[in-house]
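Student: Below, each chain spelled out in residue letters.
There are 2 protein chains.
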Amino acid sequence: MKISIIGRGNVGSHLHKAFTEAGMDTVLCDSREMKDLRESAIYIICVKDDVIGEVAEKLSVKLCKMSCGNNDIAEKALVVHTAGTKPMSLLDGKFQNYGVLYPMQTFSKEKELEYREIPIFLEANNEKGMAVLKELAEGAFENISVLTSAERKVLHIAAVFTSNFTNHMLTLADEQLQTIGLNYKVMLPLLKEVTDKLLHLPPQKAQTGPAIRKDLSVVNEHISLIEDPLTREIYKLVSESIAAGEN
Amino acid sequence: MKISIIGRGNVGSHLHKAFTEAGMDTVLCDSREMKDLRESAIYIICVKDDVIGEVAEKLSVKLCKMSCGNNDIAEKALVVHTAGTKPMSLLDGKFQNYGVLYPMQTFSKEKELEYREIPIFLEANNEKGMAVLKELAEGAFENISVLTSAERKVLHIAAVFTSNFTNHMLTLADEQLQTIGLNYKVMLPLLKEVTDKLLHLPPQKAQTGPAIRKDLSVVNEHISLIEDPLTREIYKLVSESIAAGEN
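Residue numbers (this note's numbering), protein chains in the order written: chain S, 1149 to 1395; chain B, 1149 to 1395.
Some clues are possibly wrong.
When chains are identical, the list treats them as one kind, so a pair holds in a single copy or across two.
[Stated by the list, open to error] BS3-like mimics (lysine-lysine), calculated; alpha carbons at most 25 angstroms apart, straight line:
| # | residue 1 | residue 2 |
| --- | --- | --- |
| 1 | Lys1333 | Lys1345 |
| 2 | Lys1384 | Lys1234 |
| 3 | Lys1333 | Lys1183 |
| 4 | Lys1333 | Lys1206 |
| 5 | Lys1206 | Lys1150 |
| 6 | Lys1384 | Lys1213 |
| 7 | Lys1242 | Lys1150 |
| 8 | Lys1224 | Lys1282 |
| 9 | Lys1301 | Lys1340 |
| 10 | Lys1150 | Lys1224 |
| 11 | Lys1196 | Lys1242 |
| 12 | Lys1333 | Lys1224 |
| 13 | Lys1196 | Lys1345 |
| 14 | Lys1353 | Lys1340 |
| 15 | Lys1301 | Lys1384 |
| 16 | Lys1165 | Lys1340 |
| 17 | Lys1242 | Lys1340 |
| 18 | Lys1345 | Lys1276 |
| 19 | Lys1224 | Lys1301 |
Everything labelled a hint here was simulated from the structure, so no lab data went into it.
Keep in mind that this is a model prediction, so the values were computed, not measured.
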């Protein structure tokens, strides 16, 4: 299966590597000139969310030109974007077959990744497109799900809790630790235990601490010791939410 | 250095193993009869928080009896408890030399642990006691800090954010994912990336997501999509707290 990846950023570079390592025939093109573009079974647009529409427009013109009057290439092409938070409808009206291939991972150019483990979420506007997309994804990844654009929004909310909010809990921990001359690094072994535990146990069952024990004397003492009002309110609400889960 | 550990629970068993592996002469006694108790440089009380006072009382009587009239053993003994959330003053009036050795880790009997990496927090009521405590801790652990009882309370707040609240973020993620037929396991690669990143970057610098980008359209859309009022409020407040850090 021939693949063209449009966009040489983090996502494009990593996907190019992932598909190439999986033995697939992949080219990586810049998103401005699309010089190295060639006839492919699938075109993967990997650009910043805000310019997907614009790059898609340019690509549709390009595919039209490549078809040289007979509209074969443009008709057969499957075009997908890779943005988790953008709907498939961004590509509406520009291509006959289109969809989304969203790799849920934080990419940075320096970091080596275990590609096969990255969760991949697929969407396509027709069955033929979905079949091509699945064949492509299954060649390089192991953890593949089909989600609609609406479902992908919910996935994004879950990712915010998992990634952004978890990271912020460490920021709040660090702010406490600074007042006693320590920093967040002292917490890393504890954090590792938490994440290791989740390999074997769902978070509802792995929950420990004063809130789940309904140890109100500790919870209230902590609340009284936290100086920042917003942090104090977060401590209070998250404790309530933990205790509510126990009902 | 001779060590007696009182209490055969999780903490006691693991500490016994840690000190023994470090080549120290350690006995593990039950906390009721204290049968195997012998003259030691240090006595470590590893029992449930609520019964520390009671076990300490029993130990002080036991040490008095072992001294057989001359008060040597009781006078020389250093007695510590291991409870992160209890003040050193629990041992006040019962011994001449006392303190706390708090290993900050979630212990379970089945799980093998890399003992040397566990952060250890020490407190003692006099310099001689602290010297003995430090010598003991340095024999088996690498990451040792001295904290007062008041400072240990702040440490506990930070541990709640790191461990209990981080775990709960995964519960909240799981609740979202269940509505689209997925579960928290799909998030584990992302969570691993977050924790790996913190090895190299403080959480303030590692922060990503819509809140830190001040992408209010995404933040507000997410808030409107979350059905549970408490979860919605948590999303709102944590996003505010992340954005406030950017100022």
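Student: Hint by hint, which ones does the structure fall short of?
Tutor: Hints 3, 4, 6, 12, 17, 18, 19 are the ones this structure does not satisfy, whereas the remaining hints hold.
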